[in-house]
Structures are given as C-alpha cells and as structure tokens.
Amino acid sequence: MANGQWYPPEWPDRIRALADGSLTPVTPKRAATVMLLKDTDTGPSVHMLRRRSSMAFAGGAYAYPGGGVDPRDEQQIRWAGPTRAWWAGRLGLEEAAAQAIVCAAVRETYEEAGVLLAGPTDDSVVGDTTGEDWEADRAALVARDLSFAEFLDRRGLALRSDLLGAWTRWITPEFEPRRYDTWFFVAALPEGQRTRNASTEADRTVWIRPTDAAASYDEGELLMMPPTIATLRQLTPYDSAAQTLTAAPDRDLTPVLAQARLGEDGEIVLAWPGHDEFTKHIPTGGTPA
5 MANGQWYPPE WPDRIRALAD GSLTPVTPKR AATVMLLKDT DTGPSVHMLR
55 RRSSMAFAGG AYAYPGGGVD PRDEQQIRWA GPTRAWWAGR LGLEEAAAQA
105 IVCAAVRETY EEAGVLLAGP TDDSVVGDTT GEDWEADRAA LVARDLSFAE
155 FLDRRGLALR SDLLGAWTRW ITPEFEPRRY DTWFFVAALP EGQRTRNAST
205 EADRTVWIRP TDAAASYDEG ELLMMPPTIA TLRQLTPYDS AAQTLTAAPD
255 RDLTPVLAQA RLGEDGEIVL AWPGHDEFTK HIPTGGTPA
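Reminder that position 188 of the sequence shown reads as 192 in this note's numbering, one-by-one numbering, no gaps.
No lab work stands behind these hints, which were simulated from the structure alone. Possibly wrong hints are sitting among the right ones.
Pairwise CB distance ranges, derived in the manner of DEER restraints [stated by the list, open to error]:
#	residue 1	residue 2	range
1	G224	E136	38 to 46 Å
2	A21	S244	43 to 51 Å
3	D222	D149	39 to 47 Å
4	E14	A275	15 to 23 Å
5	Q263	G160	45 to 53 Å
6	E98	P29	17 to 25 Å
We put the CB at the ideal spot given by N, CA and C, even for glycine.
Using the sequences plus the hints, can you model the full thing?
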C-alpha cells in the first residue's frame with residue numbers, strides 16, 4: 005500500500021454481500037475515544053497506542069485510548085463543568101446517553117492510559133495516579149467489577165467534563181462485523197499526571213506530534229484507520245493543547261459514515277464523505293487502488 009491506511013482484505017466480499025441483501029448490518033455500539041494532548045517545545049503532541057497484531061479489529065493499527073460505553077456509565081455521579089443538558093445538546097443525545105458518552109471518554113482514558121480527568125473539587129484535578137491503590141481500582145474498572153460512578157464516589161471525586169472538548173464523530177461502515185458509533189474528544193494531560201501503557205490491547209504507546217504521525221502514515225510506516233489519520237490532520241493547525249480545546253466547541257459533530265456503491269462493471273467505490281483521501285476503487289476480483 006502507498007500509505008498506512010488500514011484495509012481488511014474481506015471488505016470487498018462483505019460490501020458485495022451488503023449490496024445484494026445477504027448481509028444485515030449490525031447495530032453500532034456507542035463508544036468514545038480521547039486525543040490526549042501535551043505541549044512540547046515543538047508544539048503539542050498526542051498520545052497514541054498501537055493495537056496488538058492479534059486483535060480481531062484493527063490489529064497493528066495506531067489509535068487513541070478509548071472504548072465502548074458501559075451501561076453503568078449512566079449512573080448518577082458527581083459532575084463538574086458544563087451540565088448534562090449542555091452535553092446533550094452538544095452531542096445530539098438525551099441527557100443520560102450524553103453523560104454515558106462523556107463518562108466513557110474519561111473512564112477509558114484512565115483504564116488505558118492511567119490518566120484521570122477528575123478532581124476532589126470542581127476546579128481541581130488529581131495528581132499522580134500510579135500508586136498500588138490506584139492500580140487496584142483501575143484493574144477493577146477494566147474487569148467491570150467496579151463502575152465508574154462507584155470509583156469516583158469511593159474517592160470523593162467529580163468528573164471534570166470541562167476538561168474535554170467534543171471533536172468529531174465517526175460510525176464504523178455498515179459492512180463491518182464490529183461496529184462503533186464513536187465520539188472523539190480532545191483533552192490536555194493534567195499537570196502531575198503521566199501516561200503509561202495500561203491497556204491489554206496495546207503493545208506500544210507513544211507521544212508524537214500530529215504532523216510527524218501523519219507523515220509516517222503517508223510513508224506507510226504507521227498503520228491507521230481513516231478516523232485516526234483524519235483527526236491527526238485536523239490537529240496540525242493548532243500551536244497548543246489549549247488552542248485545540250478552544251476550537252472544539254465549533255467543531256461539526258455530524259457523523260462520518262463510509263459509503264460503498266457498485267458500478268456497472270462490478271467495481272466497488274468506497275468513500276468517506278468529506279474525506280476524499282480515503283476513497284478506494286476496487287475492481288472485480290482485484291485489490292483496491
């Protein structure tokens with residue numbers, strides 16, 4: 005491949021099956037992912053992890069911390085920052101669902117990167133979260149033995165929704181067997197905290213400038229799914245994490261969903277609206293171009 009675009013070989017068959025009605029799309033699961041940023045002397049860097057090659061979905065691809073919504077993410081919690089009603093309007097959801105998305109973003113960032121966007125007061129953030137007691141709670145969250153609401157209550161913490169900015173929304177194509185309706189957020193690494201590879205799904209983590217990551221993708225060195233490289237390119241104009249967060253409220257959250265059509269000669273044209281660089285032309289029995 006000319007670049008690092010993730011492309012499963014089974015896609016053409018699944019696209020044709022969807023077109024002839026023999027494949028029924030699965031309902032996408034709601035999910036959240038966070039582009040965690042920190043400032044450096046050469047501009048902001050973003051925290052990325054590489055999914056283990058053994059993973060059934062996007063193995064070997066670079067991504068951000070994130071994952072699916074836990075139904076318990078709707079439980080009542082102590083909340084700081086914009087109200088649930090504000091987030092409902094921003095995300096286009098009912099209040100409970102909006103809270104669940106925001107909770108999933110914060111919870112998954114803690115589970116996979118060890119970074120917690122919460123504090124004992126509405127204008128503070130916890131410091132170092134690497135002690136054994138913190139690790140025990142993090143492991144309990146991952147195992148679903150502990151809900152995020154229970155975790156925050158136990159530690160007397162409020163979720164800091166004001167530390168997140170909703171950035172974009174992507175829905176996995178209809179022909180994929182594992183589908184996610186994913187909200188992407190931006191956040192700055194809190195002072196005193198540091199990331200670590202806390203995910204069992206990742207074999208490597210990096211802090212990297214979006215421009216460098218995009219260049220490595222273009223050279224075929226880093227494998228990424230379309231939403232990941234698209235968001236990296238969107239981050240490049242900003243000179244700081246704060247500037248990126250300031251831009252978030254004006255971002256369009258209309259979901260991006262891939263579209264596939266069959267030509268008269270059997271060619272598949274696969275496109276992501278608004279993102280022409282990902283368009284694929286797949287001839288009958290051939291490989292994408």
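The hints, checked one at a time:
1. G224 <-> E136: 38 to 46 Å: holds (42 Å)
2. A21 <-> S244: 43 to 51 Å: holds (47 Å)
3. D222 <-> D149: 39 to 47 Å: holds (43 Å)
4. E14 <-> A275: 15 to 23 Å: holds (19 Å)
5. Q263 <-> G160: 45 to 53 Å: holds (48 Å)
6. E98 <-> P29: 17 to 25 Å: Check passed, 23 Å falls within 17 to 25 Å.
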